[in-house]
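Novice: Fit chain B to the supplied structure of chain A, relying on the hints for placement.
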Amino acid sequence: MEEKAVKGTVTSLSSLFPAEAAHMASKRVEFTIGEKREELNRLNDFVADNTNLINLVQKLPDHLHHDIMVPFGKAAFFPGRLIHTNEFLVLLGDGYYADQTCKQTVDILKRRGKMLQSQVDSLNAVMQDLKAEASFFDTTAFEAAEGLVEIREDYAEENSTERAHESGALEHSSPEADDNKGAVEDEDEEYARMMSRLDELEKEELAAESDSEVDDDEQTNATESDEQIDEVDQNEADADEISDEDFPDHNLIDLQERQPRKPPQQTKDENTITEYSKNKYHHHGDFSDKSTEFTARPLPKDEMPHGRNLTHNVKSNPTENPFLQTGVKDRVESVPSSGNAVSVQTSKPKFDGSKAFTGSIVERTHNLPTNSWGQSTSSQSSGSQPSKPLSRFKMQRK
Amino acid sequence: MGTVVRELQRDLESKANDLNKLQKDIAKNHQVRKKYTIQLGENELVLKELDLLDKDANVYKLIGPVLVKQDLAEANANVRKRIDYISAELKRLDATLQDLEDKQNSKKDAVLKLQQRIQSLQAGKAKA
Chain A
1 MEEKAVKGTV
11 TSLSSLFPAE
21 AAHMASKRVE
31 FTIGEKREEL
41 NRLNDFVADN
51 TNLINLVQKL
61 PDHLHHDIMV
71 PFGKAAFFPG
81 RLIHTNEFLV
91 LLGDGYYADQ
101 TCKQTVDILK
111 RRGKMLQSQV
121 DSLNAVMQDL
131 KAEASFFDTT
141 AFEAAEGLVE
151 IREDYAEENS
161 TERAHESGAL
171 EHSSPEADDN
181 KGAVEDEDEE
191 YARMMSRLDE
201 LEKEELAAES
211 DSEVDDDEQT
221 NATESDEQID
231 EVDQNEADAD
241 EISDEDFPDH
251 NLIDLQERQP
261 RKPPQQTKDE
271 NTITEYSKNK
281 YHHHGDFSDK
291 STEFTARPLP
301 KDEMPHGRNL
311 THNVKSNPTE
321 NPFLQTGVKD
331 RVESVPSSGN
341 AVSVQTSKPK
351 FDGSKAFTGS
361 IVERTHNLPT
371 NSWGQSTSSQ
381 SSGSQPSKPL
391 SRFKMQRK
Chain B
1 MGTVVRELQR
11 DLESKANDLN
21 KLQKDIAKNH
31 QVRKKYTIQL
41 GENELVLKEL
51 DLLDKDANVY
61 KLIGPVLVKQ
71 DLAEANANVR
81 KRIDYISAEL
91 KRLDATLQDL
101 EDKQNSKKDA
111 VLKLQQRIQS
121 LQAGKAKA
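Residue numbers (the UniProt record's numbering), protein chains in the order written: chain A, 1 to 398; chain B, 1 to 128.
What the hints contain is simulated information worked out from the structure, not anything from laboratory work.
In this text the structure is predicted, and so the values were computed from the model without any measurement.
It is possible that some hints are incorrect.
As the list claims (entries may be wrong) - With a straight-line Cα cutoff of 16 Å, these simulated EDC-like cross-link-like pairs (lysine to aspartate or glutamate) come out:
hint, chain 1, residue 1, chain 2, residue 2
1, B, Lys55, A, Glu39
2, B, Lys61, A, Asp99
3, B, Lys48, A, Asp94
4, B, Lys34, A, Glu39
Bound conformation, chain B alone:
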């Protein structure tokens, strides 16, 4: 009887650890997602402004410490590409987030069940 309870407790501990890890992952995912969302907003703003610029306007891109002159069309294409990339990334993050949340829920259920079993076992032991 005692060994069973001990084993169950060990199991519970490991499961709780897993759950913690999952929760941390989800938090990290959220943060990354937030960053990407902000970047997406910024890039969309840039795209809007680039569309509004004159055809012969000088456009520069800051690369490291230098401003590199760029063609307006080129800059436009670059920003578009970047927006596509960020959108794809966001989608990917959404998928992983969903996955992680599912895992988290299943782990939570498992932990809850284990706790109940331990409790019932302990109660039985007390009676006995």
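So here's chain A without its partners, still in its complex pose:
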């Protein structure tokens, strides 16, 4: 116990840092923080001004001239007109000006805004530091006022053992040896622990690797089989399509796809009918393209029933003349597509949003099932017969 008294020193915190001094220090830091805050506010004002100016400068060239009130002297304004709205005389700083366009000016202002932002950031960092300092001073002041004492004790293991040697070898030899032994054991234990942990990690890693490999394999297998099924479906669909193309009148295919999904027997107004005919004529020129694309494009699964449906329709109306309006009307009314709607409902639509609208049949084939799927449910819920798919093109017109 005596030794401890020699080793340690006890100082009350208030003697090291008097409470008043700590208070004063914290007050000073607070004052500095206040100053910095003011500066920050000013900078933020600058930033706001700058962004406003950027907006204004960007807006000015929108018109050839602006009617404004021109300041004249300190208190007077008179109406004037701002012309040359794309020419700015920009102050670069230090008395240097430059003639600039709107765009260049905006660039300069944006660079300036970046500078301001960096200044704001640095100021914020400084303020954070100051706040930490202030809180430290505050706690110190508080602790000093509370009468906290600081106990300082030099940590010197070797010194103590040396001293032990000096004082009495016999007395301290056994605990010392124990200590040494303990240290060695500690080391060994630590080493063993580290090794076991490493082994564990290695095992985990191995397990994870094998797992992921298995997963990968399974996934690839699954996708492959899916693809194979898809291919078979597509082959079937393609066969159907080819039979369509063998049919001399390609217009029919186009026409049917363009027809709106309305329950049969519904009367059509003249407007839509003429539209159909227009569409038909318009797409007449695309046929050569279409026939090739028809076979070449990869068909999604849900496309298949649709293709069959078309075949059916076309064949059931072989004598129709698509160039006649009456023919068009007949077709509209006589196309039943119950099979289409049902089958489409069961299969999930693949929506390909990446395809842009080209006006050719290729684009529609991808979007078509989605539309018909969504609409067929609605039409079925309303009790009417499911009707034909509608192209996006058509829907927009409605």
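Specialist: Just chain B now, kept in the frame of chain A:
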């Protein structure tokens, strides 16, 4: 004994005055330095913008109440020269600041010693 103390006190006073003066100088130096630093920043900004300008851009310099048209190259050279000048000035200010601070520290030490001597003398006198 009394005269010694009085002399020491006078000495202390003059030294304290000197210290005050030094501190004022340092404050002034700081202010000038700040001004120059701001100017340096501004000029560097100008230089950056001038470098980014088109070759055939019109550049003006505000001299008093008039804008005087300047060559871009000329303006560039001028700004560069000014930056060099300000940097040199800042360096000079740094040197003087260092000098002043050294002086201030030595004066502070001297003042502290004098105060201690006076205190010890007074304590001795009280005992005697």
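Novice: Now tell me, hint by hint, if it's right for this structure.
Specialist: Hints, one by one, checked against the model:
Among the hinted pairs, Lys55/B with Glu39/A is inconsistent with the structure: their alpha-carbon atoms are about 37 Å apart, more than 16 Å. This hinted pair checks out: Lys61/B and Asp99/A have alpha carbons roughly 12 Å apart, not beyond 16 Å. Restraint check for Lys48/B and Asp94/A: the C-alpha separation of about 13 Å stays at or below 16 Å, so the hint holds. Taking the CA atoms of Lys34/B and Glu39/A, the gap is about 15 Å. The hint holds against a cut of 16 Å.
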